[in-house]
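Colleague: These protein sequence lines map, in sequence, to chains A and B.
Going by the working numbering, the first residue of the first sequence is number 648, and it counts up by one from there.
Going by the working numbering, the first residue of the second sequence is number 295, and it counts up by one from there.
These are calculated hints, taken from the structure and not from any lab test.
Here the structure is a predicted model, which means the values were calculated and not measured.
Even glycine gets a Cβ: it sits at the ideal position worked out from N, Cα and C.
The reader is advised that the hints may include incorrect statements.
Going by beta-carbon spacing under 10 Å, a handful of chain B positions derived as facing chain A [what the hints assert, rightly or not]:
id: 1; residue: Val-304
id: 2; residue: Glu-313
id: 3; residue: Arg-319
id: 4; residue: Gly-324
id: 5; residue: Gly-327
id: 6; residue: Met-329
id: 7; residue: Thr-349
id: 8; residue: Val-351
id: 9; residue: Ala-408
id: 10; residue: Asp-425
id: 11; residue: Ile-428
id: 12; residue: Val-432
id: 13; residue: Tyr-434
Capping the alpha-carbon separation at 20 Å, the derived lysine to any residue pairs in SDA-like fashion look like this [said to hold, decoys possible]:
id: 14; chain 1: A; residue 1: Lys-679; chain 2: B; residue 2: Val-355
id: 15; chain 1: A; residue 1: Lys-651; chain 2: B; residue 2: Glu-313
id: 16; chain 1: A; residue 1: Lys-651; chain 2: B; residue 2: Val-355
id: 17; chain 1: B; residue 1: Lys-311; chain 2: A; residue 2: Tyr-750
id: 18; chain 1: B; residue 1: Lys-356; chain 2: A; residue 2: Lys-651
id: 19; chain 1: A; residue 1: Lys-651; chain 2: A; residue 2: Gln-680
id: 20; chain 1: A; residue 1: Lys-679; chain 2: B; residue 2: Glu-421
id: 21; chain 1: A; residue 1: Lys-745; chain 2: B; residue 2: Asp-363
id: 22; chain 1: B; residue 1: Lys-356; chain 2: A; residue 2: Pro-676
id: 23; chain 1: B; residue 1: Lys-311; chain 2: A; residue 2: Lys-745
id: 24; chain 1: A; residue 1: Lys-716; chain 2: B; residue 2: Val-355
id: 25; chain 1: B; residue 1: Lys-311; chain 2: A; residue 2: Lys-716
id: 26; chain 1: A; residue 1: Lys-651; chain 2: B; residue 2: Val-317
id: 27; chain 1: A; residue 1: Lys-716; chain 2: B; residue 2: Leu-401
id: 28; chain 1: A; residue 1: Lys-679; chain 2: B; residue 2: Lys-311
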Amino acid sequence: MNLKVDTRSVNNQASMIDLEGEVDVYTAPQLKQQIINMLDSGVYHVIVNLTNVEYLDSTALGVLIGGLKRLRERNGTLDLVCPNPRIRRIFEITGLDKIFDIYTAEQDAISKLDVKEGM
Amino acid sequence: MASESTPSVVELKLPCKPEFVGVARLTVLGIAGRMSFSYDEVEDVRLAVGEACTTAVERAVKANKTDTDISIIGSILGNKLTIEVRDQAGHPIDAADKPQTTEVEELDEQGLGALLMELLVDEFNVESYEDGTIVRMVKYAE
Chain A
648 MNLKVDTRSV NNQASMIDLE GEVDVYTAPQ LKQQIINMLD SGVYHVIVNL TNVEYLDSTA
708 LGVLIGGLKR LRERNGTLDL VCPNPRIRRI FEITGLDKIF DIYTAEQDAI SKLDVKEGM
Chain B
295 MASESTPSVV ELKLPCKPEF VGVARLTVLG IAGRMSFSYD EVEDVRLAVG EACTTAVERA
355 VKANKTDTDI SIIGSILGNK LTIEVRDQAG HPIDAADKPQ TTEVEELDEQ GLGALLMELL
415 VDEFNVESYE DGTIVRMVKY AE
């Protein structure tokens, strides 16, 4: 039951958080801290890549909502990459698919970010 | 195999700490795997029980009661799986309503766990007792 969190730059204003493993009450604080680190370093456009996430619970949803709120306050964005239908279903049944922009492919999220922000 | 009138019961006791919630989920996978659930239904049960344990842990952290235990009792009777998650963490569980808004600023990030539990199982109820809370969930296999 572990979570691996990696980050990489997408362009000079946006970064990707790659998650691998389980995001739950034990591991979600790692994701929260990473989002805070990005805010602190002036990165306001964040893509969270859930491609390799095997399990995600309400704690993770709460962290993502909190992150989206904080980024929006700075005119930023928090988008998701989620090709796994089982993980995507959690967003759908809670209605959060209407709150987050969720993409099946990483490249789509990056392209849409470029269009949205004119980067 | 148990007869139709005698449930097969699995009991598990865990520390009410974040790092043990995954152990509860693994156990529940094993219990639900004994029944004719689809893959998605087994995942639903895993998530629902994970949420019940998570709310216990979150309340325990707030109430400084992480030295208590969570008891999980899984009972199989025919096509009916009943899982009871009993904690000693006090405080009731509040369920959020399914978000009706598309504005994130209006969104309540609390209570999503109880909402998920309601959505993922066929029967869901919460009962408070002196020391804590009992979440009882039922899922029927086809």
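Colleague: Does each hint fit the structure? Answer for all of them.
Modeller: Tested hints:
Because the smallest distance between the Cβ of Val-304/B and any Cβ of chain A comes to about 20 Å, over 10 Å, the interface hint for this residue is violated. For Glu-313/B, the suggested interface contact is upheld, since its CB lies about 5 Å from the closest CB of chain A, less than 10 Å. With a cut of 10 Å, the hint placing Arg-319/B at the interface with chain A holds, because the nearest CB-to-CB distance is about 7 Å. Given the 10 Å rule on beta carbons, the hint for Gly-324/B is violated: about 15 Å separates it from the nearest Cβ of chain A.
At about 16 Å, the closest approach between the beta carbon of Gly-327/B and any beta carbon in chain A exceeds 10 Å, and the interface hint on this residue is violated. With a cut of 10 Å, the hint placing Met-329/B at the interface with chain A is violated, because the nearest CB-to-CB distance is about 19 Å. Of the supplied interface hints, the one on Thr-349/B holds, with its beta-carbon coming within about 8 Å of a beta-carbon of chain A, less than 10 Å. The restraint placing Val-351/B at the interface with chain A holds, with a minimum CB-CB distance near 6 Å, inside the 10 Å limit.
Checking Ala-408/B against chain A: minimum C-beta separation of about 8 Å stays under 10 Å; hint holds. Restraint check, Asp-425/B versus chain A: the minimum CB separation of about 21 Å is more than 10 Å; hint violated. This hint is violated: Ile-428/B has a C-beta 19 Å from the nearest C-beta of chain A, more than the 10 Å allowed. Here the hint on Val-432/B is broken, as its CB sits about 18 Å from the closest CB of chain A, past 10 Å.
Given the 10 Å rule on beta carbons, the hint for Tyr-434/B is violated: about 18 Å separates it from the nearest Cβ of chain A. A threshold of 20 Å between alpha carbons decides the hint, and for Lys-679/A with Val-355/B the separation of about 18 Å falls inside it, so the pair holds. The straight-line distance between the Cα atoms of Lys-651/A and Glu-313/B is roughly 15 Å, inside the 20 Å bound, and the hint therefore holds. For the hint linking Lys-651/A to Val-355/B, the alpha-carbon distance of about 24 Å lies beyond 20 Å, and the restraint is violated.
For the given pair, Lys-311/B sits about 34 Å from Tyr-750/A by alpha-carbon distance, which is inconsistent with the 20 Å threshold. At most 20 Å may separate the alpha-carbon atoms for a hinted pair to count; Lys-356/B and Lys-651/A exceed this at roughly 27 Å. With a C-alpha separation of about 13 Å, the suggested pair Lys-651/A and Gln-680/A falls inside the 20 Å cut-off, and the hint holds. At roughly 32 Å between alpha-carbon atoms, Lys-679/A and Glu-421/B are farther apart than 20 Å, so this suggested pair is violated.
Pair hint Lys-745/A plus Asp-363/B does not hold up; C-alpha atoms about 37 Å apart against a cutoff of 20 Å. A C-alpha spacing of about 16 Å is found between Lys-356/B and Pro-676/A, which places the hinted pair at or below 20 Å, so the restraint holds. Our distance criterion of 20 Å between C-alpha atoms is broken by Lys-311/B and Lys-745/A, whose separation comes to about 32 Å. For the hint pairing Lys-716/A with Val-355/B, the CA-to-CA distance comes to about 24 Å; that exceeds 20 Å, so the pair is violated.
Pair hint Lys-311/B plus Lys-716/A does not hold up; C-alpha atoms about 28 Å apart against a cutoff of 20 Å. With a C-alpha separation of about 19 Å, the suggested pair Lys-651/A and Val-317/B falls inside the 20 Å cut-off, and the hint holds. With a C-alpha separation of about 9 Å, the suggested pair Lys-716/A and Leu-401/B falls inside the 20 Å cut-off, and the hint holds. Our distance criterion of 20 Å between C-alpha atoms is met by Lys-679/A and Lys-311/B, whose separation comes to about 19 Å.
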